[in-house]
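Number of protein chains: 2
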Amino acid sequence: MNLYEKTIHSTSIYQGAIIDLEVHDVELPDGKTSKRELVYHNGAVAVCAVTPENKVLLVKQFRKPAEKPLLEIPAGKLEIDEVRTEAAKRELEEETGYIAEELELITEMYGSPGFSNEKISIYLAKDLKVGQMNLDDDEFIELEQYSLLEIKDMLKNKQFEDAKTIIALQYLLLNYNDYK
Amino acid sequence: MNLYEKTIHSTSIYQGAIIDLEVHDVELPDGKTSKRELVYHNGAVAVCAVTPENKVLLVKQFRKPAEKPLLEIPAGKLEIDEVRTEAAKRELEEETGYIAEELELITEMYGSPGFSNEKISIYLAKDLKVGQMNLDDDEFIELEQYSLLEIKDMLKNKQFEDAKTIIALQYLLLNYNDYK
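Chains D and Y, in that order, give the protein sequences.
Read in order, the letters of the first sequence correspond to residues 1 to 180 in the UniProt record's numbering.
Read in order, the letters of the second sequence correspond to residues 1 to 180 in the UniProt record's numbering.
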């Protein structure tokens with residue numbers, strides 16, 4: 001079956017700093033039409049970083065949509081035309097003060113594919129070196145560090161609510177038996 | 001540190017069928033102000049279902065924001081005031097033709113917490129019974145079934161791009177050693 005939905009007409013509703021909103025009239029596989037509300041975002045990167053002391057670096061940050069702080073792996077929006085690995089290294093150093101020489105791609109994922117094209121590249125960083133923490137003026141975050149055993153318990157107790165963070169930490173548990 | 005961001009003023013930009021868009025002026029922890037673009041969504045449910053033959057049920061569906069079909073666990077939007085487990089059972093039967101008597105909560109997560117409050121509850125369904133597939137008029141999906149060994153390879157090869165699906169399948173690999 002050809003599942004493709006062709007845009008027949010699109011209307012721009014909003015062009016913002018982080019997201020744009022468009023409504024598309026699409027042609028469905030059976031020839032009928034429907035509407036799609038689409039939130040366009042430039043994409044993001046996230047880094048699961050393990051220190052030389054085998055601690056996972058997490059940042060606590062207030063998330064206005066959730067109306068509470070969430071505990072997440074370091075992450076940030078991609079600038080226009082920015083290389084994803086460079087953005088990941090930049091965000092990691094700015095938010096945690098650690099430099100990652102090498103990044104391994106864990107996966108790339110859509111967090112809300114029903115309405116948004118935001119694609120997040122999640123990396124694993126090991127062999128960290130000490131760099132310089134440097135937060136943006138409007139960035140208020142708390143850095144926390146947890147052992148793999150603590151991470152395992154926190155996952156079991158459903159203490160993480162951010163998709164990219166759950167994916168990265170489950171990946172760590174699945175792939176690094178020596179940490180368990 | 002108190003990380004809370006208080007809304008001083010909010011503007012409704014768009015009220016749609018699936019999402020609403022608001023822009024809030026917020027007061028930051030240091031007293032300065034900033035803007036937040038917020039996409040409100042009623043939430044969703046998703047079900048990782050394993051058949052009596054130990055096959056994982058996945059659905060392929062065109063996702064307009066990604067401009068391609070994605071392979072995902074069965075999922076759907078929550079209706080207003082709908083109980084999440086009831087919605088999960090409904091979506092599973094409609095999309096796959098299987099009935100789940102019991103659901104185990106894997107986790108609840110925000111896919112895009114930077115700009116959206118969409119919260120997805122992900123369940124694990126076992127002991128499936130045969131029911132009745134029943135797709136909505138504008139729903140075009142293909143049902144596929146994979147063994148746990150195939151799932152393990154597909155995860156390793158980064159073949160999944162949907163966050164809730166990756167979380168559910170990693171959980172399955174982490175928690176069900178007898179399937180490996």
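It is worth saying that the hints were derived from the structure and are not from the lab.
Check before you lean on any hint, since a few could be wrong.
Pairs count within a copy or across copies, as identical chains cannot be separated in the list.
Derived EDC-like pairs: lysine to aspartate or glutamate, alpha-carbon spacing no greater than 20 Å straight-line [claimed, not checked]:
id	residue 1	residue 2
1	K6	E139
2	K6	E142
3	K64	D30
4	K77	D137
5	K158	E67
6	K119	E161
7	K119	E79
8	K129	E101
9	K35	D20
10	K129	E53
11	K68	D25
12	K6	D137
13	K119	D153
14	K64	D20
15	K60	E94
16	K129	E139
17	K77	E161
18	K129	E144
19	K60	E86
To see whether the hints hold, each was checked on the structure:
For the homomeric pair K6 and E139, the shortest alpha-carbon distance between copies (15 Å) is at most 20 Å, but the shortest distance inside one copy (40 Å) is not. When the C-alpha separation of K6 and E142 is checked against a cutoff of 20 Å, the pair qualifies only between copies, where the shortest distance is 18 Å, while the shortest distance within a copy is 44 Å. Taking the shortest Cα distances, K64 and D30 sit within 20 Å of each other only across copies (16 Å), while inside one copy they are farther apart (40 Å). Proximity of K77 and D137 under a CA criterion of 20 Å is satisfied intra-copy only: 15 Å inside one chain copy versus 37 Å between copies.
With identical chains, the CA atoms of K158 and E67 are at most 20 Å apart within one copy only, with a shortest distance of 18 Å there and 32 Å across copies. Proximity of K119 to E161 under the C-alpha cut-off of 20 Å is found in both arrangements, the shortest distances being 18 Å within a copy and 9 Å between copies. Proximity of K119 to E79 under the C-alpha cut-off of 20 Å is restricted to the intra-copy arrangement: shortest distance 13 Å within a copy versus 26 Å between copies. Taking the shortest alpha-carbon separations for K129 and E101, only the intra-copy value of 8 Å comes in at or below 20 Å, while the best inter-copy value is 51 Å.
For the identical chains of this complex, K35 and D20 are neighbours both inside a copy (17 Å) and across copies (15 Å), given an alpha-carbon limit of 20 Å. Taking CA atoms no more than 20 Å apart as the test, K129 paired with E53 passes inside one copy only; the shortest distance there is 12 Å, against 48 Å between copies. In the homo-oligomer, the alpha carbons of K68 and D25 lie at most 20 Å apart only across protomers (16 Å), although the nearest pairing inside one protomer, at 35 Å, exceeds that limit. For the identical chains of this complex, K6 and D137 are inter-copy neighbours only, at 17 Å across copies versus 42 Å inside a copy, given an alpha-carbon limit of 20 Å.
For a Cα distance limit of 20 Å, the shortest separation of K119 from D153 qualifies neither inside one copy, at 28 Å, nor across copies, at 22 Å. In this assembly of identical chains, the alpha carbons of K64 and D20 lie at most 20 Å apart whether taken from the same copy (18 Å) or from different copies (15 Å). Proximity of K60 and E94 under a CA criterion of 20 Å is satisfied intra-copy only: 14 Å inside one chain copy versus 39 Å between copies. Taking CA atoms no more than 20 Å apart as the test, K129 paired with E139 passes in neither setting, with 23 Å inside one copy and 50 Å between copies.
With identical chains, the CA atoms of K77 and E161 are at most 20 Å apart both within one copy (19 Å) and between copies (18 Å). Taking CA atoms no more than 20 Å apart as the test, K129 paired with E144 passes inside one copy only; the shortest distance there is 17 Å, against 45 Å between copies. In this homomeric assembly, K60 and E86 never come within 20 Å of each other (Cα to Cα): the closest approach is 22 Å inside a single copy and 33 Å across copies.
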